[in-house]
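A.B. asks: Using the hints, position chain R against chain G.
One-letter residues, chain by chain:
Number of protein chains: 2
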Amino acid sequence: MDDIVCKFGGSSVAEARQIRKIEAIIRSDPRRRYIVVSAPGKRSSQDEKITDLLYTCQSLAAQGKSYEQPFQAVGNRYLQIDRELETGSEIRGWLEELRRQLDSGASADLAASRGEYLCARLLAAHLKAEFVDSAEIIQLDRNDTVAESSYRRTAEKLAGSGLYVIPGFYGSDSHGQIKTFSRGGSDITGALVAKALNAREYENWTDVSGLLRADPRIVRDPQPMAAVTYREIRELSYMGAKVLHEEAILPVYELKIPIHIRNTDRPEDPGTVISAERNVQVQPIAGVAGRSGLGLIYLEKFLLRKHPRYRSKVLEILASHGVDWEWERWGIDSLLLLVPEKQLEEKGELLRGVIAEELDPDHLEILGNMAVIAVVGEGLSNRPDITLTVLQRLSQRDIRLRLIEQGSSKISALFVVQAEQFHRAVQTIHDAID
Amino acid sequence: MDDIVCKFGGSSVAEARQIRKIEAIIRSDPRRRYIVVSAPGKRSSQDEKITDLLYTCQSLAAQGKSYEQPFQAVGNRYLQIDRELETGSEIRGWLEELRRQLDSGASADLAASRGEYLCARLLAAHLKAEFVDSAEIIQLDRNDTVAESSYRRTAEKLAGSGLYVIPGFYGSDSHGQIKTFSRGGSDITGALVAKALNAREYENWTDVSGLLRADPRIVRDPQPMAAVTYREIRELSYMGAKVLHEEAILPVYELKIPIHIRNTDRPEDPGTVISAERNVQVQPIAGVAGRSGLGLIYLEKFLLRKHPRYRSKVLEILASHGVDWEWERWGIDSLLLLVPEKQLEEKGELLRGVIAEELDPDHLEILGNMAVIAVVGEGLSNRPDITLTVLQRLSQRDIRLRLIEQGSSKISALFVVQAEQFHRAVQTIHDAID
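Residue numbers (our numbering), protein chains in the order written: chain G, 1499 to 1932; chain R, 1499 to 1932.
Bound-form chain G, shown alone:
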């Protein structure tokens, strides 16, 4: 269908002024008929997060203590928005209802979900739109798995021709009790609604003008990506980029519904479109991502490849010491593993002893302070010059690569560097691909 699902994040509904912006956005395109909202976000660093305040209320209520102070803080946020927007809503009644719920043993999930619930209620009143409670459409099974029936129910509930507002972040369990998402929050709700409706597009409105080509804490002034594919996002995300949670991508990925990341404060900016395909001529590389906090285990053993059980022995030793490996790379008579540095700090010496004793390697290195970096782009495999340029620039800047790999994925090249050189390497790669 031709409609658009819009999800507005916390900053987009933080106050009346922001809500007027999203109203303008919604009114400017009649296809924007399904609005998913987060709870109002912090307006400044002084603000406490509404969800946290609600958890506090629930916890105090459960202990039989007064929750008046945090409750007032929550209530005032909504009352102020309501007043400034002159919604004429029943906000006082909804707050009283919440108070009754807290007094009669509301669960933490129910309490927390009210942040989104009240926000959606208010917005629906303001927009004269229909409010649809997520608890009635989204059912979560164990592990936050969305029950298939949710999609049918959502489509039925949203079948009218009007404008709908739906709270993000929660659904209900098989007993009808409110259940919040353990991760990914309202972004997931938006994706589920988009999938249920087979929407034309899933607009995800935030406070940035799209996803950036590199981490702005590392790279000076990285530009947003105009377009990026689902799998590029997935690789960037795995390698440390802060992007949508993958569970917020999977539902729309299945139907190849594009996700459009946009900025509520700058709706004229093009934002970033996440979709199944993109024009790689314009920009072969989507971006660069990386993370430090890794350790490395490297061992050599003559004729290792002739002993197939050696591999399982290595992995068993790691498992029995609670060390997870993230990457496993076998050479001919050698093995390189990347593991969480934290685990090495605790167990590195012990592990060194056990490996030396049980596996008798010819050479063993256990090192912390490593970082991994990925250059990700659908155009990478057809542009060998890019990898070459990246390697040249890294070499010119004396960045030593402990691992170079390209080809295990067609769309990324991987580099392992010392943590001390991590930021410089990311900046260098970013400049090389720009």
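Simulated from the structure, these hints should not be mistaken for lab results.
Check the hints yourself; a few may be wrong.
Heads up, the list lumps identical chains together, so a pair's fine if it works in one copy or across two of them.
[To be verified] DSS-like mimics (lysine-lysine), calculated; alpha carbons at most 27 angstroms apart, straight line:
1. LYS1908 with LYS1799
2. LYS1804 with LYS1740
3. LYS1626 with LYS1540
4. LYS1740 with LYS1547
5. LYS1908 with LYS1840
6. LYS1540 with LYS1519
7. LYS1845 with LYS1811
C.D. replies: Just chain R now, kept in the frame of chain G:
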């Protein structure tokens, strides 16, 4: 100890003229006291291989047929050498003994072993050296495993101060029956003797002036390596270089006894020393090796890394279709496997169907005509410029790399190319590292 074990290959004992050369070599250094010999090799392409003739004799004898013709061919070779060298040996008696053995049901192993046996007998007579039968010193258990007692027995038997000649290629089993090596031949005997004696050096005399830095069938005029380490040899060998069989390296590797590959026809040439360490300043890269005949399976699956059982499912499918994977490289949501091309030719289409059906990948490539190339060198990890130069040259010559990897082994960089570009890639890399 300070002595040298010398192994002379088939070409070094092929005729009297060659044996005079090895005599000069042996006499020129009094430390050369342990001489291991192969059977006389072919003098020209017309010659039949002595071992093959002996197998034919045994086979005919076992069928009750006349083996006179091949037997004469064998006998004449030894008689001619004996005559030209004027050894004064009992060669006619030894040949008669072999005839009796064939007539009384000699095993194929016994018959085949007589090539080396008679050669060692003759040489011992010529050099006035002591002949020691390998059957009395080397005991082979199942799978050609050398019984530990062999080393003690060898050391005892060779404890004198004289010159010893020992036939290569065989030992005896636990019942005292002759047993030939299934692979690696006389090179292994030399290595076992060197280990038993903890020799100063294991000289392996052949018809080439050392191991070459690249395959001479691919590269124009590759130079010999002056020095190479055991692990470099192992990686080059695994990647397709024709070098010593690893079982001929392992015994001396354990005691770090250097192997010196030398040319009987050009004893003044420095040859190649294989040892535990070498000076990488002189030559950071040992050589380049590669092989074609590989196929590739590449698949992508969104969120693959989140499903740990996917890996075992892929490998189970391959195993159940009799496809062996040689290299396994996991990306984030992708997997690259290198497999024998032959197996893909037979089962590629079937496999494509099964993988598509059972694993539902987003993308699947099954390709033949791939080749893998390794640049191997102890100096590689400290010389990032070398990899860069190799990549630049490959790019200049339009060689497309399906996989680049450096770091899973510290001493090699791996490249996967299309088979059509294999020779050009090897030549290019050889020129780049030279």
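A.B. asks: Check LYS1804 against LYS1740 for me: Cα-Cα at most 27 angstroms, and say if that holds within a copy, between copies, both or neither.
C.D. replies: between (42 angstroms within a copy, 18 angstroms between copies)
A.B. asks: With identical chains treated as interchangeable, where does the CA-CA distance between LYS1626 and LYS1540 reach 27 angstroms or less: within a copy, between copies, both, or neither?
C.D. replies: within (25 angstroms within a copy, 98 angstroms between copies)
A.B. asks: Pop the pair LYS1908 and LYS1799 into one bin, within, between, both or neither, using alpha-carbon distances up to 27 angstroms.
C.D. replies: between (30 angstroms within a copy, 12 angstroms between copies)
A.B. asks: When no copy is named, should LYS1540 and LYS1519 be tagged within, between, both, or neither for a Cα gap of at most 27 angstroms?
C.D. replies: Classified as within: same-chain Cα gap 17 angstroms, cross-chain 91 angstroms, threshold 27 angstroms.
A.B. asks: Check LYS1740 against LYS1547 for me: Cα-Cα at most 27 angstroms, and say if that holds within a copy, between copies, both or neither.
C.D. replies: Within one copy only: 20 angstroms inside, 68 angstroms across.
A.B. asks: Is it within, between, both, or neither for LYS1908 and LYS1840, if the alpha carbons may be no more than 27 angstroms apart?
C.D. replies: Between copies only: 24 angstroms across chains, 30 angstroms inside a chain, cut-off 27 angstroms.
A.B. asks: Cα distance capped at 27 angstroms. Does LYS1845 pair with LYS1811 within a copy, between copies, both, or neither?
C.D. replies: within (17 angstroms within a copy, 31 angstroms between copies)
When held up to the earlier numbered hints, the structure conflicts with none and fits them all.
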